[in-house]
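Using the sequences and the hints, build the whole thing.
There are 2 protein chains.
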Amino acid sequence: MKFHGYFRSSAAHRVRIALNLKGIAPELAYVHLRKGEQRGGAYAALNPQALVPALEVDGPDGPAVIAQSMAILEYLEETHPAVPLLPRDPLGRARVRSLALICVADIHPLQNLRVLAKIRADHGVDEAGAFAWARHWNEVGLAACEASLSGHRDTGRFSHGDAPGLADCCLVPQVFSAKRFGVDLARFPAVTRIFDACQALPAFDLAQPSKQPDAEN
Amino acid sequence: MKFHGYFRSSAAHRVRIALNLKGIAPELAYVHLRKGEQRGGAYAALNPQALVPALEVDGPDGPAVIAQSMAILEYLEETHPAVPLLPRDPLGRARVRSLALICVADIHPLQNLRVLAKIRADHGVDEAGAFAWARHWNEVGLAACEASLSGHRDTGRFSHGDAPGLADCCLVPQVFSAKRFGVDLARFPAVTRIFDACQALPAFDLAQPSKQPDAEN
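Quick mapping for you: the protein sequence lines, in order, are chains W and L. When we follow the working numbering, the leftmost residue of the first sequence carries the number 1, and every step to the right adds one. When we follow the working numbering, the leftmost residue of the second sequence carries the number 218, and every step to the right adds one.
It is worth saying that the hints were derived from the structure and are not from the lab. As the structure is a computational prediction, the values presented were derived from the model and not from experiment. One thing to keep in mind: the hints can contain errors.
Said to hold, decoys possible - If you want a taste of the chain W side facing chain L, the calculated C-beta under 10 Å gives, among others:
| # | residue |
| --- | --- |
| 1 | A11 |
| 2 | G40 |
| 3 | N47 |
| 4 | A67 |
| 5 | V83 |
| 6 | L91 |
| 7 | A94 |
| 8 | R95 |
| 9 | L101 |
| 10 | V125 |
| 11 | G156 |
| 12 | R157 |
Unchecked claim - Over 10 Å on every C-beta distance to chain W, these chain L residues come out as not near it, computed from the model:
| # | residue |
| --- | --- |
| 13 | P301 |
| 14 | D343 |
| 15 | F393 |
| 16 | L423 |
Unchecked claim - Below 27 Å or equal to it, Euclidean Cα-Cα: the simulated DSS-like pairs (lysine-lysine) are:
| # | chain 1 | residue 1 | chain 2 | residue 2 |
| --- | --- | --- | --- | --- |
| 17 | L | K252 | L | K219 |
| 18 | L | K396 | L | K428 |
| 19 | L | K335 | W | K118 |
| 20 | W | K22 | W | K35 |
| 21 | L | K396 | L | K335 |
| 22 | L | K396 | W | K118 |
| 23 | L | K252 | L | K335 |
| 24 | L | K239 | L | K252 |
| 25 | W | K179 | L | K335 |
The beta carbon of each residue, even a glycine, is placed where N, CA and C say it ideally should be.
Below, the structure written as structure tokens:
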């Protein structure tokens, strides 16, 4: 198993947390997004979607590559179920996936590197303008997370109950992004409490961007 | 079971297709996105994420609401497995989810109503400018779909094999959006072929935006 990531990619960060929680240690490879390494050469041949992360696995019919963080997380859950990241009941699973998808489908796609680059190129805004755009969608999405977590009977020490799961794997990287873009997290007390509970665990702490071998300022 | 949708929402469209394929006929409710009905009143109380779609279900502990189309699709798959939308093998499931997520996480979030409204408000572009932005992300994402589908041994009559599945539930609504934004689909022959195969099926045809009771021009 070989994992292709980038230290600052939220999507790669989600998978790093899940790998750590499940005790899986794949070979690691790094794709430098700011240098555009994802768009050409060997990596684009490996993953035609030309984004990180990607997971290379040995399948029954030979080697295979899985793209998309959420597909990788579900694959890891199905093939390494010993430390579960989803509850057993269908409604609980739906709640966890729904929470995860706020980050995966509603926040992160609007603030990743290629989108901020296009905002700057198309509309002549500077970095501060691109950050304001990113901050807006982080605030809208984290408000949805807060409303879904706060006061819900299934929210526990973590997003769903008292063990970390797939929703936490997605929430924590999003909070790292939100901080980077200057979001005032005091507006989101349930999100902040869960983030702190997660980061107290080595599986989360060791997955954070600044602790990766390819980290830069 | 009660399904809250909007005729033009790609996310609601995905779920309509899955419901039709599985032969599930929930009570239907309509949320008028252009009038902002999702952001206030009874609907926002029901779904704190304030987006469509949402599925109300009777859970073992009482009524529950599932937000996020992908979470709803997975829930339907787990609770109504008779017509499967995912293959059985973990790698096949990962491929189908990965294909679906190109639309769910990489294209649609960048071109939905609230994002186009913000592009227009922040940057003073007109509808044509907003459509150009939407067209760009549709083209980038559909190129990723095409590269992942074309020539892959698991691509069949549909995205994965010869029966329609979860990837098709997500691809078809995206092609409807792409057409609306003026994307030249001739660049994507595998996508177009699969779209045509899907639309030949009543489950897909009857789910299209113009055939919904709340459809408008």
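Results of checking the hints against the structure:
1. A11: holds (9 Å)
2. G40: violated (13 Å)
3. N47: holds (9 Å)
4. A67: With a minimum Cβ separation of about 5 Å from chain L (threshold 10 Å), the hint on W/A67 holds.
5. V83: Violated - the Cβ of W/V83 stays beyond 10 Å from chain L, reaching only about 17 Å at its closest.
6. L91: holds (5 Å)
7. A94: Holds, about 4 Å.
8. R95: Cβ of W/R95 sits 7 Å from chain L, so the hint holds.
9. L101: OK, holds: W/L101 within 10 Å of chain L, min 4 Å.
10. V125: Holds - the Cβ of W/V125 comes within 10 Å of chain L, reaching about 8 Å at its closest.
11. G156: The hint is violated - W/G156 has no Cβ within 10 Å of chain L, the shortest such distance being about 15 Å.
12. R157: violated (20 Å)
13. P301: holds (15 Å)
14. D343: At roughly 13 Å from the nearest Cβ of chain W, L/D343 sits farther out than 10 Å, so the non-interface label holds.
15. F393: Answer for L/F393: holds, closest chain W Cβ roughly 18 Å.
16. L423: holds (25 Å)
17. L/K252 / L/K219: holds (21 Å)
18. L/K396 / L/K428: holds (17 Å)
19. L/K335 / W/K118: holds (15 Å)
20. W/K22 / W/K35: violated (31 Å)
21. L/K396 / L/K335: holds (22 Å)
22. L/K396 / W/K118: OK: L/K396 and W/K118 at ~22 Å, within 27 Å.
23. L/K252 / L/K335: With a Cα-Cα distance of about 16 Å, the restraint between L/K252 and L/K335 holds, given a limit of 27 Å.
24. L/K239 / L/K252: violated (31 Å)
25. W/K179 / L/K335: Holds - the C-alpha atoms of L/K335 and W/K179 are around 22 Å apart, at most 27 Å.
Comparing the model with each earlier hint shows violations of hints 2, 5, 11, 12, 20, 24; every other hint is respected.
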